[in-house]
Amino acid sequence: MAAVDDAQQPDSRLSKTNRERLVSAGRHAALLVWSFVVLFPLYWIVSMSLKPPTAAISLPPDWIFLPTVYNYIQLLQQSSFVYAFFNSVFMVSASVILVLLIGVPAAYVLSRYDIPKQRDVLVWILSSRMLPPVAVIIPFFVIFRALNLYDTRIGMIFMYITINISLVVWVMKAFFDGIPETLEEAARVDGATRFQAFRKVILPAAKPGIFSVAIISFIFAWIELLFSLVLTNNNAVTVTMQVYQFIGVRQIEWGMLAAATTATIIPVVIFVIAVNRYLAAGLSFGVVIKE
Amino acid sequence: MSTPTQTTSQGPSGLARLRELWNAYLPYWFITPMVLVMLLITIFPGAYDLYLSLVKYQLTDPTTIGQFNGLANYERVFTSGGAINSFVITITFVAGALALETGIGFVLAALVTGVKSDRMKTFYRIAFIIPMAVAPVSLATIGRIMLNTEIGIIPFLIQQFTPFVAPNFLSDVPLLTVILVDTWNWTPFMFIIFYAGMSSVPKTLLEASKVDGAPLWRRYVHVIIPYMKPVLFVAILIRLIDLFRTFGLVFSLTSGGPGTATELVSINIFQTGFTFVDLGGAAAIAIVYLVGIVALCNILIIKVGFEGVWD
Amino acid sequence: MTSKRNGRRRRNFLKATGVGLLGGLAGCTRGGDSSSGDGSGDGTSGDSGGDSGSDSGGESSDGGSDELAIPLSEYQSADIDWRQFEGSEINIGAVQHAWVDAIKPAVPVFEELTGIDVVWNVLPEQEFRTKRLTDVSTGAGEWDVFFLDQVVNQFRESGWLQALDPYFEDDSMYDEEWYDLDDLFEATRWQAHGGGYSDTWTGIPITVEVQTQFYRTDLYDEYDLEVAETLEEFQSNAQTIHENESDVVGTVGRGQQGYGMNIYILNTFIRQYGAELWDSYPDNSGLDSEGAISAAEWYVNLLQDYGPEGASSQVWSDVLSTMQSGNAGHIVSDANLFWPGLTDPESSDVADRIAVAKAPAPADGQFSPNAFAWQIATSQNADNSEEAFLFMLWASSEPTNTWMHVENGAGFSVRQSTWENEEYRSRVGDNFADVTLESLQAAAPDPFDSQYPEWGQTYSEELQTAIGGDQTAEEAMTRAASAAEDIVGE
Numbered sequence: 001m002a003a004v005d006d007a008q009q010p011d012s013r014l015s016k017t018n019r020e021r022l023v024s025a026g027r028h029a030a031l032l033v034w035s036f037v038v039l040f041p042l043y044w045i046v047s048m049s050l051k052p053p054t055a056a057i058s059l060p061p062d063w064i065f066l067p068t069v070y071n072y073i074q075l076l077q078q079s080s081f082v083y084a085f086f087n088s089v090f091m092v093s094a095s096v097i098l099v100l101l102i103g104v105p106a107a108y109v110l111s112r113y114d115i116p117k118q119r120d121v122l123v124w125i126l127s128s129r130m131l132p133p134v135a136v137i138i139p140f141f142v143i144f145r146a147l148n149l150y151d152t153r154i155g156m157i158f159m160y161i162t163i164n165i166s167l168v169v170w171v172m173k174a175f176f177d178g179i180p181e182t183l184e185e186a187a188r189v190d191g192a193t194r195f196q197a198f199r200k201v202i203l204p205a206a207k208p209g210i211f212s213v214a215i216i217s218f219i220f221a222w223i224e225l226l227f228s229l230v231l232t233n234n235n236a237v238t239v240t241m242q243v244y245q246f247i248g249v250r251q252i253e254w255g256m257l258a259a260a261t262t263a264t265i266i267p268v269v270i271f272v273i274a275v276n277r278y279l280a281a282g283l284s285f286g287v288v289i290k291e
Numbered sequence: 001m002s003t004p005t006q007t008t009s010q011g012p013s014g015l016a017r018l019r020e021l022w023n024a025y026l027p028y029w030f031i032t033p034m035v036l037v038m039l040l041i042t043i044f045p046g047a048y049d050l051y052l053s054l055v056k057y058q059l060t061d062p063t064t065i066g067q068f069n070g071l072a073n074y075e076r077v078f079t080s081g082g083a084i085n086s087f088v089i090t091i092t093f094v095a096g097a098l099a100l101e102t103g104i105g106f107v108l109a110a111l112v113t114g115v116k117s118d119r120m121k122t123f124y125r126i127a128f129i130i131p132m133a134v135a136p137v138s139l140a141t142i143g144r145i146m147l148n149t150e151i152g153i154i155p156f157l158i159q160q161f162t163p164f165v166a167p168n169f170l171s172d173v174p175l176l177t178v179i180l181v182d183t184w185n186w187t188p189f190m191f192i193i194f195y196a197g198m199s200s201v202p203k204t205l206l207e208a209s210k211v212d213g214a215p216l217w218r219r220y221v222h223v224i225i226p227y228m229k230p231v232l233f234v235a236i237l238i239r240l241i242d243l244f245r246t247f248g249l250v251f252s253l254t255s256g257g258p259g260t261a262t263e264l265v266s267i268n269i270f271q272t273g274f275t276f277v278d279l280g281g282a283a284a285i286a287i288v289y290l291v292g293i294v295a296l297c298n299i300l301i302i303k304v305g306f307e308g309v310w311d
Numbered sequence: 001m002t003s004k005r006n007g008r009r010r011r012n013f014l015k016a017t018g019v020g021l022l023g024g025l026a027g028c029t030r031g032g033d034s035s036s037g038d039g040s041g042d043g044t045s046g047d048s049g050g051d052s053g054s055d056s057g058g059e060s061s062d063g064g065s066d067e068l069a070i071p072l073s074e075y076q077s078a079d080i081d082w083r084q085f086e087g088s089e090i091n092i093g094a095v096q097h098a099w100v101d102a103i104k105p106a107v108p109v110f111e112e113l114t115g116i117d118v119v120w121n122v123l124p125e126q127e128f129r130t131k132r133l134t135d136v137s138t139g140a141g142e143w144d145v146f147f148l149d150q151v152v153n154q155f156r157e158s159g160w161l162q163a164l165d166p167y168f169e170d171d172s173m174y175d176e177e178w179y180d181l182d183d184l185f186e187a188t189r190w191q192a193h194g195g196g197y198s199d200t201w202t203g204i205p206i207t208v209e210v211q212t213q214f215y216r217t218d219l220y221d222e223y224d225l226e227v228a229e230t231l232e233e234f235q236s237n238a239q240t241i242h243e244n245e246s247d248v249v250g251t252v253g254r255g256q257q258g259y260g261m262n263i264y265i266l267n268t269f270i271r272q273y274g275a276e277l278w279d280s281y282p283d284n285s286g287l288d289s290e291g292a293i294s295a296a297e298w299y300v301n302l303l304q305d306y307g308p309e310g311a312s313s314q315v316w317s318d319v320l321s322t323m324q325s326g327n328a329g330h331i332v333s334d335a336n337l338f339w340p341g342l343t344d345p346e347s348s349d350v351a352d353r354i355a356v357a358k359a360p361a362p363a364d365g366q367f368s369p370n371a372f373a374w375q376i377a378t379s380q381n382a383d384n385s386e387e388a389f390l391f392m393l394w395a396s397s398e399p400t401n402t403w404m405h406v407e408n409g410a411g412f413s414v415r416q417s418t419w420e421n422e423e424y425r426s427r428v429g430d431n432f433a434d435v436t437l438e439s440l441q442a443a444a445p446d447p448f449d450s451q452y453p454e455w456g457q458t459y460s461e462e463l464q465t466a467i468g469g470d471q472t473a474e475e476a477m478t479r480a481a482s483a484a485e486d487i488v489g490e
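Protein chains in written order, with the UniProt record's numbering: chain A, 1 to 291; chain B, 1 to 311; chain C, 1 to 490.
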């Protein structure tokens with residue numbers, strides 16, 4: 001391989017290894033710059049949560065400080081926060097599983113079959129996320145009360161599904177589009193049923209897509225604010241609502257706000273780590289390409 | 001593979017018969033739940049907003065609520081209010097943020113894909129996703145104090161460690177600031193989908209192009225991007241729609257100001273409906289907005305989607 | 001092939017989640033059913049507090065074992081039938097205000113006294129407003145008691161508010177002698193009548209804040225400054241600090257738009273210059289009158305010359321934080337309720353170097369700072385308006401109010417007697433108590449007409465633009481006036 005590469009570029013002044021090293025260094029430099037951009041605000045939020053209140057807003061900052069977990073202890077002692085936290089974990093997880101069960105098969109159909117008025121169907125699906133939530137919370141509040149879904153977990157799970165269904169259908173359709181049809185045709189020839197072909201051949205091939213939309217759906221539901229504000233009261237209360245309780249009328253409790261914000265990031269991190277290895281697994285086996 | 005074709009095998013037992021039905025009508029089973037959910041969530045809110053936009057629904061004037069009003073709501077909000085201004089601002093905001101997020105997201109996905117060390121790869125992948133997990137109102141509240149010219153850490157760092165002078169982010173360059181904050185918050189969305197898309201590019205394809213000795217950029221232009229087209233298109237389309245309806249992050253950062261410099265359509269709808277309690281007017285803006293964005297999406301789907309991406 | 005193993009694993013995964021889901025759904029139904037019962041333990045969101053571990057007190061009515069904060073006899077002396085609604089429940093929609101933290105430990109007293117259960121729903125201001133409007137405008141009436149602010153007349157004219165007069169007239173619910181209505185500051189009673197626009201009670205005032213100035217005593221000593229009474233003196237104090245200190249700005253003040261934001265501060269100066277929001281309502285806005293323009297010019301110039309960079313985007317929390325971090329010499333005029341936050345060493349770097357004084361006024365003007373009272377109200381759609389009234393009465397009564405202020409850290413009494421209470425005065429300090437009392441006695445709250453939120457929004461945007469330097473104060477006020485006339489005249 002190296003030989004081929006060198007042969008192609010005989011007049012390159014850099015040897016291959018040097019060039020590779022340079023590319024690699026540039027790559028890491030760029031990635032580290034972005035890592036700093038991404039991580040510094042996060043570091044700041046976390047450090048606010050570990051500092052006493054005055055230090056949280058003083059400049060120049062204490063770069064080195066004795067961390068205190070006082071805010072986190074306070075947070076854990078608040079039964080309402082803990083309740084809302086696990087309530088959210090449950091409702092959001094359930095909604096992600098359900099939205100995948102509903103959305104992924106539908107996306108497969110939209111990718112593989114000719115549906116009458118396909119374009120209109122696709123736009124219609126997309127239209128469910130077009131209006132700003134502020135324009136639809138009143139109608140949703142009215143429906144939820146009429147159906148006795150107000151302040152119930154079922155109601156919020158349903159709401160989260162509606163937030164994510166268009167995302168799942170569209171993104172998964174795109175991933176299925178990228179998987180050659182010859183794959184399941186081959187499976188069918190081997191005697192698999194339609195469903196078996198879908199389950200054993202197509203789904204594994206679409207894994208990076210499925211887990212990506214799972215992460216994104218999880219996050220969208222997890223950070224959702226307006227619907228949980230208007231559609232819940234005490235029973236189905238969500239963690240986002242509890243984070244904002246530290247923004248008071250004449251005082252913002254910076255340390256507690258930062259601690260609560262940090263606490264809400266943790267489940268997402270755990271979830272991403274858990275599915276991490278599936279994000280990169282793709283079509284690792286030899287296939288016939290359609291082009 | 002167009003419509004489902006009947007399979008021929010005769011299943012005598014009930015279970016087998018059921019399985020046969022399952023497979024024969026698989027597409028229908030697959031799509032029905034989604035259609036039901038969609039019906040539930042689109043019809044009523046849409047109809048409700050349309051109704052509100054056509055009647056008088058100014059809550060401070062309770063005697064006239066519900067009277068048919070023709071297009072007067074539309075006329076009112078689009079002649080007196082800042083509705084048109086807010087459409088212009090929204091388009092600027094969307095264009096700026098979308099370009100940044102798409103560009104950065106793609107470059108990051110490409111760079112991370114090429115990282116050799118698995119450990120580093122995992123680190124980048126996780127780090128680059130997290131910003132999305134910071135809830136917008138938390139981000140905006142803490143972001144405000146970080147951006148504060150007198151006591152904020154970001155102007156402080158710029159002053160101390162760079163030759164530049166920090167601008168007054170929220171008062172002098174508000175639109176740029178909200179675009180940058182949104183980019184920080186939502187580039188992960190692009191990154192994660194692009195990254196998954198690149199991971200799905202068959203290795204055989206990549207290796208074939210490597211053997212050809214094509215330079216890196218050409219591998220992207222001729223192999224990877226064409227292969228990823230459906231994924232690229234859908235990520236951009238969805239982000240576009242989400243950007244258009246951005247609310248909490250910008251509202252908490254600037255309240256739409258200074259003046260009306262960052263008053264997005266969603267903020268305008270919110271103010272009209274929830275602050276001025278003119279639900280009819282708010283619905284009228286929402287309907288015009290919806291028509292506009294449906295048209296835009298249709299154009300994109302026909303011109304880019306059907307003619308470019310899906311052949 | 002690996003697919004088989006994957007398949008099995010996936011099945012197990014689905015099975016597990018199926019069980020999880022079923023459990024969850026069962027949980028939903030249970031939760032839904034029990035909502036009418038006794039406030040279901042940890043499910044109640046409002047028990048936040050944040051500063052104390054006292055959150056267990058608010059909800060559980062099954063107690064009785066715990067000692068009550070205030071003896072019941074304080075209330076039983078009143079000629080009021082407290083137990084007439086025994087067994088019912090009221091929902092309270094509240095903003096995350098110090099009042100909530102201060103009253104919560106006392107709520108078991110109310111529950112014991114009346115047999116009415118109290119369920120809280122406490123939200124940040126912005127989110128609260130959204131939810132309140134949704135609840136009230138759709139006729140849902142989830143909240144029996146809710147906080148009410150500048151939108152009082154918007155709500156009243158929409159026909160949502162329940163006037164309280166019938167309850168005041170009901171002998172079984174109200175005892176004038178015991179309650180002592182006259183003890184409430186006149187300004188707050190006036191605000192609870194729709195800010196002068198209503199003949200009937202729109203709510204009962206529970207907290208009052210008045211604008212004061214705050215200054216740094218160490219800097220005053222260093223530069224030998226005197227506390228300013230006039231605007232000119234204040235400006236020169238701010239200038240001295242601004243020009244001599246490198247890291248400290250002369251003053252901070254709100255610049256951000258919003259009907260409760262920058263204009264809440266400016267209205268103080270407008271009134272002190274002898275101008276009014278309306279020369280004659282609804283035809284002639286007072287915003288472009290000579291006094292209003294002078295006030296705006298003074299405020300805009302002050303922030304531009306001696307204020308922080310980026311003053312036009314500062315909200316109240318920026319003002320407070322800048323002062324707490326020691327980066328400002330004054331707060332020109334803002335809520336006296338900043339006092340605890342400014343003087344608490346936990347949250348302020350300059351806690352022992354801050355003093356409070358009356359807001360400055362023009363030399364030839366009249367001292368008359370802005371005051372603002374939150375009131376709690378009930379709507380016509382609420383199921384339990386009468387129970388709600390009992391709660392309002394109890395919450396604002398002398399025993400409860402005194403307990404909150406003497407025992408539980410509150411500092412916003414609507415009752416004049418509290419400000420003269422020695423125990424309370426020694427807790428908050430004479431300086432703060434005197435300044436507040438004198439300010440409140442001279443205060444004149446803003447009269448919020450029903451369209452104030454709408455024209456106030458435009459007015460605040462114009463002011464913000466002026467502070468940012470994109471137009472003059474005079475231009476801003478002229479445009480604000482014509483917008484107000486257009487909006488109200490519609």
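To be clear, the hints were calculated from the coordinates, so they are not data collected in a lab. One or more of the hints may lead you astray.
Calculated pairs, DSS-like style, for lysine-lysine (alpha carbon to alpha carbon, straight line, at most 30 Å) [said to hold, decoys possible]: (1) B:303 - B:229; (2) B:210 - B:229; (3) B:56 - B:116; (4) B:229 - B:116; (5) A:200 - B:303; (6) A:200 - B:56; (7) B:203 - B:116; (8) A:117 - B:210; (9) B:210 - B:121; (10) B:229 - B:203; (11) B:203 - A:200; (12) B:203 - A:117; (13) B:121 - B:203; (14) B:229 - B:56.
Consistency of the hints with the structure:
| no. | hint | verdict |
| --- | --- | --- |
| 1 | B:303 - B:229 | 14 Å, holds |
| 2 | B:210 - B:229 | 20 Å, holds |
| 3 | B:56 - B:116 | 63 Å, violated |
| 4 | B:229 - B:116 | 25 Å, holds |
| 5 | A:200 - B:303 | 35 Å, violated |
| 6 | A:200 - B:56 | 56 Å, violated |
| 7 | B:203 - B:116 | 15 Å, holds |
| 8 | A:117 - B:210 | 41 Å, violated |
| 9 | B:210 - B:121 | 22 Å, holds |
| 10 | B:229 - B:203 | 17 Å, holds |
| 11 | B:203 - A:200 | 20 Å, holds |
| 12 | B:203 - A:117 | 35 Å, violated |
| 13 | B:121 - B:203 | 18 Å, holds |
| 14 | B:229 - B:56 | 46 Å, violated |
When each numbered hint is compared with the structure, violations occur for hints 3, 5, 6, 8, 12, 14.
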